[in-house]
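Novice: Sequence:
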Amino acid sequence: MEMEMEEKQKDEQRVLQEEEPEVNYRGVKAMPFIIGNETFEKLGAIGTISNLLVYLTTVFNMKSITATTLLNVFNGTTNFSTLLGAFLCDTYFGRYKTLGFASIASFTGLLLIDLTAVFKGLHPPECASKEGSHCTSATPLQWLFLLTGFALMIVGAAGIRPCNLAFGADQFNPKTESGKRGINSFFNWYFFTLTFAQMVSVTLVVYVQSDLSWSIGLAIPAIFMLISCFLFFGGTKIYVIVKPEGSPFTSMVRVVVVAVKKRRLKLPEQPSLSLFNYTQPKSINSSLPYSNQFRFLNKAAIVTPEDEMNPDGSASDPWKLCSIQQVEELKCVLKVVPIWTAAITYSIAMTQQTQYVVFQALQSDRRFFNSKFQIPAASYTVFTMLTLVIFVPIYDRLIVPQLRRITAKDGGISLLQRIGFGISLTVVASLISALVEEKRRRLALTKPTLGYEPHRGEISSMSAFWLIPQLSLAGFAESFTSIGLVEFYYKQFPENMRSVAGAFFFCGMAASSYLNGFLVTMIHRMTEGAGSGNWLPEDLNKGRLDYFYFLITVMGVLNLGYFLMCSRWYRYKESAGGPRATVEMEKKPEKYAV
1 MEMEMEEKQK DEQRVLQEEE PEVNYRGVKA MPFIIGNETF EKLGAIGTIS
51 NLLVYLTTVF NMKSITATTL LNVFNGTTNF STLLGAFLCD TYFGRYKTLG
101 FASIASFTGL LLIDLTAVFK GLHPPECASK EGSHCTSATP LQWLFLLTGF
151 ALMIVGAAGI RPCNLAFGAD QFNPKTESGK RGINSFFNWY FFTLTFAQMV
201 SVTLVVYVQS DLSWSIGLAI PAIFMLISCF LFFGGTKIYV IVKPEGSPFT
251 SMVRVVVVAV KKRRLKLPEQ PSLSLFNYTQ PKSINSSLPY SNQFRFLNKA
301 AIVTPEDEMN PDGSASDPWK LCSIQQVEEL KCVLKVVPIW TAAITYSIAM
351 TQQTQYVVFQ ALQSDRRFFN SKFQIPAASY TVFTMLTLVI FVPIYDRLIV
401 PQLRRITAKD GGISLLQRIG FGISLTVVAS LISALVEEKR RRLALTKPTL
451 GYEPHRGEIS SMSAFWLIPQ LSLAGFAESF TSIGLVEFYY KQFPENMRSV
501 AGAFFFCGMA ASSYLNGFLV TMIHRMTEGA GSGNWLPEDL NKGRLDYFYF
551 LITVMGVLNL GYFLMCSRWY RYKESAGGPR ATVEMEKKPE KYAV
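Numbering follows full-length UniProt numbering, in which position 167 of the sequence shown is assigned residue number 167; successive positions increment by one, without gaps.
If you're looking for bench data, these hints aren't it; they were derived computationally from the structure.
Since we're looking at a predicted model, the values are computed, not measured.
Even for Gly, the Cβ is constructed at its ideal location relative to N, Cα and C.
Don't take each hint at face value.
Simulated pairs of lysine-lysine, BS3-like, Cα-Cα distance not exceeding 27 angstroms [unchecked claim]:
(1) K175 / K237
(2) K282 / K320
(3) K335 / K261
(4) K282 / K175
(5) K266 / K175
(6) K491 / K573
(7) K491 / K542
(8) K409 / K175
(9) K335 / K97
(10) K261 / K175
(11) K409 / K573
Label-pair restraints from in silico Cβ distances [unchecked claim]:
(12) E177 / K282: 46 to 56 angstroms
(13) K282 / T341: 44 to 54 angstroms
(14) R264 / G313: 31 to 41 angstroms
(15) S414 / K175: 13 to 23 angstroms
(16) I523 / P140: 44 to 54 angstroms
(17) V337 / R367: 22 to 32 angstroms
(18) L551 / S461: 23 to 33 angstroms
(19) C135 / F421: 20 to 30 angstroms
Based on the provided sequences and hints, a complete structural model is requested.
Specialist: What follows is the structure in C-alpha cells.
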C-alpha cells in the first residue's frame, strides 16, 4: 500500500514538472530595459516635481501657502497610492501589465502639465511687474487640465514605484548563487540610477525650466518618460512575467478571524505535526516552516471535528480553518512592522538634511573659494546624492566581495546589520549638524557678517562648505539604510506580496513626511514663548536650530536602541521548500520560452 502511494506521488510530481516549463531567467540581459525604464521615469517625474512650487507660484499665480499645501497633498497622496497600486498589481494585473499601464499614464500626465505651459489659454496671464498689481487666478478649465495631469502622475507613481523593484528582481533566479547576487546588485544599482536622475533633475532640468523656458523645461521630462515607455516595452520578449495569485490580504484577514474564533482552544503539544499543514499547489510562495512567534495566530490552524476537507486536502470552509502556510505568511508581514516604524524615525533625520540645511546655507558664506560666484543654497543637497552615487558602485563591486569572503553571506553583511549601520550614521550626521549650526550662529552674532539675506537675517562668515560633512554622512546613511530597507522588504514579504513590499518603503516615507511636519510645527509653537526664544524662526540667527538638531540626535539614539531590540527579536524568513514560480509563457517557434 505504501509503495502504491509513493508511486502515485512520484507520478503527480512528474506531471507537474511536465506541465511547468523551465523558466529561462535573463537577469543581466533584462536589466538595461528595466534600469533604463526606471532611470528615464525618474528623470521625467523628478524633473517636473522638483520645480513645481516655482511653476505654480510664477506661472499659475498661486500663493505660496496654497502651492505648498497642494504639493504636500500631492506628494503624500503619491506615496500612499503605491499601496493601492501594489495591491491591484499583486491581486489582479501582475507587475508587467501594471508597469506598462502606469508608464503610459505617467507620460500622459507629464504631457498635460507641459501643455499648460505651451498654450497661453491653459494658464493665467502673467502678473504685471508693478508692485501691488492684481494677479489673475486660474480658470476652472485651467485648474482641471493641471489637476488631471497631477492625477495621472499619481496613477503612474502608484504603479511604477512599488512594482519596478520587484519586477527587476523577478528576472533573476532566486535558487542559484548568481541569481541571489544579481538581486543584491540590482537593489544597489536601482538606487544609483535613482540618485543620478535626481542630480540631473535638480541641476540641468531645473535650470532650463527656471532660466530658459517653462515650455521646453517641462517638455524634457515628458520626452524622458516617453523614452522610458519605449525601453520598457522593448524588453517584453525576454521578461519573466509572474502571474498574480489573487488577494493576499483576504488570506491574512481569514487567519485573524479564525484565530479569534478558536481563541479558547489549546495548541497541541507538537503543533508543527498536529496543525493543518496544507500548501496550495503551484503557488509562487515559498513553503514556510512552523514558528513560535505570534503563537496566538497558530490557533487558526487547529483542526476540529467540525472542519471538513475537500478531496485535494484543502479546507472546505477557509473562514473556519487556515493552514500553517497562511499563518506564517501573515507573520512575515507582522514581523516587518517594527522595523518599518524604526525606519520612519530614520527618515525624519534624513529629511532635516534636505530642508533646514538649505536655510543654513542661505545664511552662510556660499562663495566658491572667495570668488564672486555663489553656489545656490538648494544645490548643497547634491553632496548627499553625489556621495551615494560614488559610494554605491564601490560598495557593490569592491566592499561586498571582500565581506562575502569573510562572512560567507551573499550581501557581505545581513540586511538588518546594513540598515542598523545606516541608522547609526544618521545619529552622527545630526550631531555634526548641531555643532556646525552652533558655529554658524556664533560667528553671525559675534563677528562682522557678509551682508543681509532678504526675509531672513545676517549672513554668517562661516563657509557653507562646513555643511558638506553632514550631507555626505547622510548620503552614506542612505546607501546603507534605504537600499537595505527595500531589499529587506522584498525578501521578507511573501513572494505574492512583493509589490506591496515596495509600497511599504514609500508609505514609510509618506508617514515620516507627515510626522516631520507635525514635529516642526510642534517645536515652533512650544518654543515660541520660551526664554531661549523660538528654535525655528525665519532668521536662524535669532533661533536655536542647533537645539533642534540635538533633539533629532537624541531621537536617533533612542530609535537606534529600539531598532537593535527589534533586530534581536526578529527571525528571518526561512523556507521549508524552494520558491515556486508560475510564469506566463510566450510561444515561440518550436519551443516555449520566457
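Novice: With reference to the structure, classify each hint as holding or not holding.
Specialist: Hint check results:
no., hint, verdict
1, K175 / K237, "holds, 22 angstroms"
2, K282 / K320, "holds, 23 angstroms"
3, K335 / K261, "holds, 23 angstroms"
4, K282 / K175, "holds, 16 angstroms"
5, K266 / K175, "violated, 38 angstroms"
6, K491 / K573, "holds, 8 angstroms"
7, K491 / K542, "violated, 48 angstroms"
8, K409 / K175, "holds, 15 angstroms"
9, K335 / K97, "violated, 30 angstroms"
10, K261 / K175, "violated, 38 angstroms"
11, K409 / K573, "holds, 15 angstroms"
12, E177 / K282: 46 to 56 angstroms, "violated, 25 angstroms"
13, K282 / T341: 44 to 54 angstroms, "violated, 35 angstroms"
14, R264 / G313: 31 to 41 angstroms, "violated, 26 angstroms"
15, S414 / K175: 13 to 23 angstroms, "holds, 20 angstroms"
16, I523 / P140: 44 to 54 angstroms, "violated, 39 angstroms"
17, V337 / R367: 22 to 32 angstroms, "violated, 48 angstroms"
18, L551 / S461: 23 to 33 angstroms, "holds, 27 angstroms"
19, C135 / F421: 20 to 30 angstroms, "violated, 50 angstroms"
Checked against the numbered hints given earlier, the structure breaks hints 5, 7, 9, 10, 12, 13, 14, 16, 17 and 19 and satisfies all the rest.
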